[in-house]
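From just these sequences and the hints, can you work out the full model?
2 protein chains.
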Amino acid sequence: MKTLTVSLGERSYPIYIGSRVLESGELLSRHLSSSQVMVVTNETVAPLYLDRVRQSLDGKQTAEVVLPDGESYKSIESAMVIFDELLVRKFSRDASLIALGGGVIGDLVGFAAACYQRGVPFIQIPTTLLAQVDSSVGGKTAVNHPRGKNMIGAFYQPQCVLADTSTLDTLADREFSAGLAEVIKYGLIRDFEFFVWLEANLEMLLGRDADALTYAIERSCINKAEVVAEDERESGVRATLNLGHTFGHAIETGMGYGSYLHGEAVAIGICQAADLSRRLGWLDTDSVERIISLLRRARLPVMPPADLDVDRYLDLMAVDKKNVAGKLRLILLEKIGRATLPMAVDLELLRATLSEYDGRG
Amino acid sequence: MKTLTVSLGERSYPIYIGSRVLESGELLSRHLSSSQVMVVTNETVAPLYLDRVRQSLDGKQTAEVVLPDGESYKSIESAMVIFDELLVRKFSRDASLIALGGGVIGDLVGFAAACYQRGVPFIQIPTTLLAQVDSSVGGKTAVNHPRGKNMIGAFYQPQCVLADTSTLDTLADREFSAGLAEVIKYGLIRDFEFFVWLEANLEMLLGRDADALTYAIERSCINKAEVVAEDERESGVRATLNLGHTFGHAIETGMGYGSYLHGEAVAIGICQAADLSRRLGWLDTDSVERIISLLRRARLPVMPPADLDVDRYLDLMAVDKKNVAGKLRLILLEKIGRATLPMAVDLELLRATLSEYDGRG
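Protein chains in written order, with our numbering: chain A, 1 to 361; chain B, 1 to 361.
Read the hints as simulated data drawn from the structure, not as lab findings.
Incorrect hints may appear among the rest.
Claimed, not checked - The list that follows gives simulated cross-link-like pairs (lysine-lysine, DSBU-like), each with its CA atoms no further than 35 Å apart:
1) B:K90 x A:K335
2) B:K335 x B:K90
3) B:K60 x B:K2
4) A:K2 x A:K335
5) B:K60 x A:K90
What the hints assert, rightly or not - Among chain B residues calculated to face chain A with C-beta under 7 Å, some are:
6) F83
7) L87
8) K90
9) C115
10) R118
11) H145
12) G148
13) A154
14) F176
15) G236
16) R238
17) A318
Said to hold, decoys possible - Here are a few chain B residues that sit away from chain A, every Cβ distance over 12 Å (derived from the structure):
18) G25
19) M80
20) D84
21) M151
22) R190
23) N201
24) E234
25) A306
26) L308
27) V345
Don't be surprised by glycine CBs; every beta carbon is placed ideally from N, CA and C.
Written out as structure tokens, the structure is:
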């Protein structure tokens, strides 16, 4: 088992990475001071892991909420289901929540924990690669709004994260690939050496080799934890974690949540950000090809959906939350291994990138 | 104009108290860095003050949301109305919100500001006595849930508070009295001298004498600001601000939001807390009578509704958020001017207090 720390002063917390850490009653009880614990999970994850977590909570007053699976359940309505159950059970402000599932469950439960009685403790047990390397680290919680992704949320840190690599054995290939998009992102924005390692070891990862996975998750979490420790509330460098996300969110919103997985949309967005970086003279054609090639090898889409035209795309991007006072600002790449801070981009260049991809998906 | 500071480190903010401070474009612009500003108010307040605030926002991109008046609109649905409008207008994470109204508007808009894109700045312009002395100070924001008051919320501080005493001229008598309940509370929990001043000056306050009002608001805000500075997240002494509130919330929830004003329910709750304190041997009968008498003179109810029986009352109190791990804990009075920290109380004594009042409302 590896232990990392996300350093945020009094809000610091550990990430435990390893096989079967979710069964560790010792780890859970070390971070649970509450006698009342609610586990929130979904219908896919519950049959696989809920029993094991339940056994680790022996002696606590427990409750469970099992939601349907999917991004469309990352909603204010799902948060209300959690609040209802907490109140029916008379769970107090000293209760704790456990998020057992992927990014949807993690973001939703983190938001519910942030808001229930103005904040109760929670623990993340991410069961997808995406959640282990991204959404469970850094305290961004949110639900979606029909008009935009993650529009309603809070910065709220968990008590700890248990990233159990053995849960990835049961993960569908498509979900696994979506997680790789964020893994590759860390190499692109700040860790060239890791990018090269990924090029050399991608087949090992796709084969779910335990050692390769542990290394990739650890290195991803270290990268993210360093960025978050430097800029918890995203006033500066944290924004670089959003490489590809403004493009990607537009795809997710425009196509309806759930038709594209978050990581898939981000993969496409990374390609568009790379293309725009090339147009600005920063990336050469070879680097762009190298990025696209690695994403393709990870079995990720690299072209946007055919039915999203340029004007609709721009409209969807304009409400993305990364924009300062109405101006569209994007994260781009100076080179592989170094991202820019958010910057206003020339609309014509952006149109050129969107047109390049328009209708080719 | 009086200026107080709520001292919370980097989250510190000023409270400006005085006649016509809401018209001060200078004060507003000093605390508004955003070019996009949304004013949220209600149908009662809008015709009185919205124009004046709008004029102070000259040069900004503004939007307005006018909600119906009443506690029943302090809901997640109203928050969604605000989010919808922010998104339709493409307001970014650098937008600011202004809460123009009483406690319902303040709590709701504070919560919306805490959650929109994970937090945008907001300014409080409280237009009721209750909001000026209580809900606009301290950063507690929330909406109600059908099963309990303030169950969904956040600790989130405003940029500043503009407490305009001239807005109280138009306040209905019943609303004004409800505000006095919280004013009297400050005397009871930590400021005996202020309690004595209130006994001597209550008629001046009821006559809305400007100097008496300014003094009472200032002294209330100083008391609250001191408590909040000591304990922002209510792990200790801040809980004393909830004197009478666990009883009161049970009345509000049990009778349906809106049938009792918050301050009215708190006034009844204060009487019950005083009665229970007497049963524990802390308050003498004279002190209890003195408290009840001042509340009566402030034209506040001092008996609970007849149709709330003891068992229903206990059930409603048990979900109140002041309870630690399922145990009912109440704020009581050691004497006039000193409250206890939340303490578990003997169920039989509590039943005696509730029965004392049962069916007499």
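Here is how each hint holds up against the structure:
About 32 Å separates the Cα atoms of B:K90 and A:K335, which keeps this hinted pair within 35 Å; it holds. Using a Cα cut-off of 35 Å, the hinted pair B:K335 and B:K90 is violated, with the two alpha carbons roughly 54 Å apart. For the hint pairing B:K60 with B:K2, the CA-to-CA distance comes to about 27 Å; that is within 35 Å, so the pair holds. Restraint check: the Cα-Cα separation between A:K2 and A:K335 comes to about 31 Å, which is no more than 35 Å; the hinted pair holds.
Pair hint B:K60 plus A:K90 does not hold up; C-alpha atoms about 45 Å apart against a cutoff of 35 Å. Evaluation of the B:F83 hint against chain A yields a held restraint, the C-beta minimum of about 6 Å falling below 7 Å. This hint holds: B:L87 has a C-beta 4 Å from the nearest C-beta of chain A, less than the 7 Å allowed. Taking 7 Å as the C-beta cut-off, the interface hint given for B:K90 holds, the closest approach to chain A being about 5 Å.
Given hint, B:C115 at the interface with chain A, holds; its Cβ is 5 Å from that chain's nearest Cβ, closer than 7 Å. A hinted interface residue such as B:R118 counts as satisfied when its beta carbon comes closer than 7 Å to some beta carbon of chain A; here the least separation is about 4 Å, so the hint holds. Taking 7 Å as the C-beta contact cut-off toward chain A, the hint placing B:H145 at the interface holds, the least distance being around 6 Å. Annotation: B:G148 was flagged as interfacial toward chain A, and the flag holds, the nearest CB pair being 6 Å apart, inside 7 Å.
The closest approach between the C-beta of B:A154 and any C-beta of chain A is roughly 6 Å, which is under the 7 Å cut-off, so the hint is satisfied. Annotation: interface hint on B:F176 violated; nearest CB of chain A at approximately 28 Å, more than 7 Å. Because the closest C-beta pair between B:G236 and chain A is about 14 Å apart, greater than 7 Å, the hint is violated. Among the interface hints, the one on B:R238 is violated; its C-beta lies about 12 Å from the nearest C-beta in chain A, farther than the 7 Å criterion.
A cut of 7 Å between beta carbons decides the hint on B:A318: the least distance to chain A is about 6 Å, and the hint holds. Annotated as non-interface, B:G25 keeps its C-beta farther than 12 Å from every C-beta of chain A; the closest such distance is 20 Å. Not every beta carbon of chain A lies more than 12 Å from that of B:M80, the smallest distance being close to 7 Å; the non-interface claim is violated. Against chain A, the non-interface label of B:D84 is violated: not every CB pair exceeds 12 Å, the least being about 7 Å.
The non-interface label for B:M151 is inconsistent with chain A: the shortest C-beta to C-beta separation is roughly 6 Å, within 12 Å. For B:R190, the non-interface assignment is confirmed: its Cβ lies about 22 Å from the closest Cβ of chain A, beyond the 12 Å cut-off. Under the 12 Å C-beta cut-off, the non-interface status given to B:N201 relative to chain A holds; the minimum distance is some 35 Å. The Cβ of B:E234 sits about 8 Å from the closest Cβ of chain A, inside the 12 Å cut-off, so the non-interface label is violated.
The Cβ of B:A306 lies farther than 12 Å from every Cβ of chain A, with a closest approach of about 26 Å, so its non-interface assignment holds. Look at B:L308: its CB is around 19 Å from the nearest CB on chain A, clear of 12 Å, so calling it non-interface holds up. Non-interface status of B:V345 relative to chain A is upheld: no Cβ of that chain comes within 12 Å, the nearest being about 16 Å off.
In the structure shown, a violation is registered for the earlier hints numbered 2, 5, 14, 15, 16, 19, 20, 21 and 24, in ascending order.
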